[in-house]
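Turn these sequences into a full structure, and let the hints steer you where they fit.
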Amino acid sequence: MAKTRTIPLSLRVKVLSRDKFRCVFCGKSPAINAGTILHIDHIKPFSKGGENTLDNLQTLCQDCNLGKSNDLI
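Sequential numbering of the sequence shown, starting at 247, is according to this note's numbering.
Accuracy of the hints is not assured; some may be wrong.
As the list claims (entries may be wrong) - PhoX-like, lysine-lysine: derived pairs with alpha carbons at most 20 Å apart:
hint, residue 1, residue 2
1, K274, K260
2, K294, K249
3, K260, K290
4, K249, K290
As the list claims (entries may be wrong) - Restraint-style ranges between C-beta atoms, simulated for each label pair:
hint, residue 1, residue 2, range
5, I278, T250, 28 to 34 Å
6, K249, G273, 30 to 36 Å
7, Q308, T250, 29 to 35 Å
8, F267, F292, 18 to 24 Å
9, N279, T250, 27 to 33 Å
10, E297, F267, 20 to 26 Å
11, V259, N279, 19 to 25 Å
Treat the hints as calculated values from the structure; they're not laboratory data. Note that this is a predicted model, so its numbers are computed, not measured. Every residue gets a Cβ at the ideal spot worked out from N, C-alpha and C, and that includes glycine.
As structure tokens, this is what we get:
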């Protein structure tokens, strides 16, 4: 079966919950910082073989995720 970049909703919810709905890099949260958009990010990029597993996913705000690009943080 081919790998898919799409992260299932149930897994996205687990990641957000585990990370307390905050960016793990800068700490921003939509509950505290109006306008903050959260992304689910691959720690090891999908393009470099990273998988859709709980231990390879993290919550980042849009600013941190777009700044990260295809790098590891």
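These are the hints, each one checked on the structure:
Between the alpha carbons of K274 and K260 the distance comes to roughly 18 Å, so the proposed pair stays at or under 20 Å and holds. As the CA atoms of K294 and K249 are separated by approximately 12 Å, the hinted pair is consistent with the 20 Å bound. Between K260 and K290 the alpha-carbon distance is near 18 Å, which keeps this suggested pair within the 20 Å criterion. Only pairs whose Cα atoms come within 20 Å are accepted, and K249 paired with K290 is accepted, the gap being roughly 14 Å.
With their beta carbons about 33 Å apart, I278 and T250 fall inside the hinted range of 28 to 34 Å. A hinted range of 30 to 36 Å for the beta carbons of K249 and G273 is consistent with their spacing of about 31 Å. Between Q308 and T250 the beta carbon distance is about 22 Å. The supplied range of 29 to 35 Å is therefore violated. The hinted range of 18 to 24 Å is satisfied by F267 and F292, whose Cβ atoms lie roughly 23 Å apart.
Range check, N279 to T250: about 31 Å between beta-carbon atoms, so the 27 to 33 Å window is met. With their beta carbons about 23 Å apart, E297 and F267 fall inside the hinted range of 20 to 26 Å. Checked against the given bound of 19 to 25 Å, the beta carbons of V259 and N279, roughly 21 Å apart, stay inside it.
In terms of the numbered hints stated before, the structure departs from hint 7 and from no other.
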